[in-house]
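S.K.: Sequence:
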Amino acid sequence: MSEAYFNTLCIACAVFQRELEALRARGDFDLPVQYVDSMLHMRPRKLRDRLDSLLGPQRPAARILLLYGECHAYMNDQESLSGVWRVKGHNCEEILLGTDLYYALQAQKAFVFLPEWTLRWRDVFERELDFHGDLTTVFMKECHAILVYADTGVLPVPINQLEAASEAMGLPWDVVQVGLEPLQATIHEAVERMTAHAG
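Quick note: the sequence shown uses our numbering, first residue 261, plus one each step.
What the hints contain is simulated information worked out from the structure, not anything from laboratory work.
Hints are supplied without guarantee of correctness; some may be wrong.
Claimed, not checked - Okay, the calculated beta carbon distance ranges per label pair:
1) Asp394 with Asp360: 32 to 42 Å
2) Gln318 with Glu441: 15 to 25 Å
3) Val398 with Val435: 18 to 28 Å
4) Arg278 with Thr359: 14 to 24 Å
5) Lys306 with Asn267: 23 to 33 Å
6) Asp383 with Val417: 12 to 22 Å
7) Pro432 with Asn351: 18 to 28 Å
8) Val417 with Arg305: 28 to 38 Å
9) Leu395 with Ala274: 38 to 48 Å
All values derive from a computational prediction rather than experimental measurement.
In this text, a Cβ means the ideal position worked out from N, Cα and C, and glycines have one as well.
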């Protein structure tokens, strides 16, 4: 185990929880993790405050691997703190998909469904965004042409949820096979930077 791993904690959005635990189960990830509710993305100020509390002077570890994209306006300030190393990626989609696939899907005007959010898409759109009926369809069709489910292989493809989302949003849906390798590579790159600095 690298020296950089000792007294290191991964603070991660819970959108990655199943994938991280799958990596752990196959021996490709062994850091302790503190998960933060993914719904805080809908309230950026609360997300900032929560991360501030975990990254402040009373942080639970000397080094933090921050598994987040640029998820609120002050993320650069948080990742510039001593001992904090954030993975590369603009958002959760890029971190999970890898840069090449992420931008390829952006070019197709795809709305990417990550596994954790697919299971609670109604909470996001109806409760958090207050989108109902035609408003959902109008909003989605303005910016997107297709719904794409990112299949990381840790859950069965949630066909019922995807069909319901497709009907509500007026968009077709498809599945792209992602696996765990892009996430693993992104974490590895951040750990390499952390290790180089520690050495």
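S.K.: Compare the structure with each hint and give your call.
M.R.: Results for each hint:
The hinted window of 32 to 42 Å between Asp394 and Asp360 holds, with their beta carbons roughly 35 Å apart. Against the hinted window of 15 to 25 Å, the Cβ-Cβ separation of Gln318 and Glu441 comes to about 35 Å, which falls outside the hint. For the pair Val398 and Val435, the beta carbons lie near 25 Å from each other, so the given range of 18 to 28 Å is met. Distance hint check for Arg278 and Thr359: the Cβ-Cβ separation is about 22 Å, which falls inside the suggested range of 14 to 24 Å.
At about 28 Å, the beta-carbon gap between Lys306 and Asn267 stays in the expected band of 23 to 33 Å. Separation of Asp383 from Val417 is about 20 Å and conforms to the stated range, judged on CB atoms against 12 to 22 Å. A hinted range of 18 to 28 Å for the beta carbons of Pro432 and Asn351 is consistent with their spacing of about 23 Å. The beta-carbon spacing between Val417 and Arg305, approximately 34 Å, falls within the hinted interval of 28 to 38 Å.
For Leu395 and Ala274, the Cβ-Cβ distance of about 27 Å falls outside the hinted range of 38 to 48 Å, so the restraint is violated.
In this structure, the earlier hints numbered 2 and 9 are contradicted, and the remaining ones agree with it.
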